[in-house]
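The opening residue of the sequence shown carries number -17 in our numbering; numbering runs sequentially from there.
Hints are computed from structural coordinates only; laboratory data are not their basis.
Keep in mind that a hint or two might mislead.
The following label-pair restraints were derived from C-beta to C-beta distances [said to hold, decoys possible]:
1. GLU72 to GLY49: 25 to 31 Å
2. ALA13 to ALA86: 15 to 21 Å
3. SER33 to ALA13: 25 to 31 Å
4. ASP88 to PRO50: 15 to 21 Å
All of these numbers come straight from a predicted model, not from anything done at the bench.
Just so it is clear, CB atoms sit at the ideal spot from N, CA and C, and this is done for glycine as well.
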Amino acid sequence: MNRVAAIASAVASLAFADAGHAEGFAMNSPAGIENTLRNFNGTNFDVKHISGDTDGIASGSLSEERGPRDVHMIRAAIASNARLAHRLSEQGVRVQNVINADQAADGSIVFYYR
-17 MNRVAAIASA
-7 VASLAFADAG
3 HAEGFAMNSP
13 AGIENTLRNF
23 NGTNFDVKHI
33 SGDTDGIASG
43 SLSEERGPRD
53 VHMIRAAIAS
63 NARLAHRLSE
73 QGVRVQNVIN
83 ADQAADGSIV
93 FYYR
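Work out the full structure, taking the sequences as your base and the hints as a guide.
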């Protein structure tokens, strides 16, 4: 009986681990990150400078590379959130220089800029 319980526990653990991965993907999808940025309170974030010519695409980020359309959506979402735009400005980051944003599982966001 203990063996059956152990197997059931292992299967349940794997199912929950996979659900967490799916949630992480959804929150960093273009639509997910855009929605998050429009409503983000602007207090729990980090900024990272990306040097070199990125040609509109941020690489080396936590979730995925973003194309020019996604970068535009991220910038528009930040611009629509006055508090967030102001907080980024205080960190020396101009909205038009942001090339990516990733949300961590704890709700914090990393902004990549050039």
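Against the structure, the hints:
1. GLU72 to GLY49: 25 to 31 Å: holds, 29 Å
2. ALA13 to ALA86: 15 to 21 Å: About 18 Å separates the Cβ atoms of ALA13 and ALA86, which means 15 to 21 Å holds.
3. SER33 to ALA13: 25 to 31 Å: holds, 29 Å
4. ASP88 to PRO50: 15 to 21 Å: Because 29 Å falls outside the window, the suggested range is violated.
Of the numbered hints given earlier, the model fails hint 4 alone.
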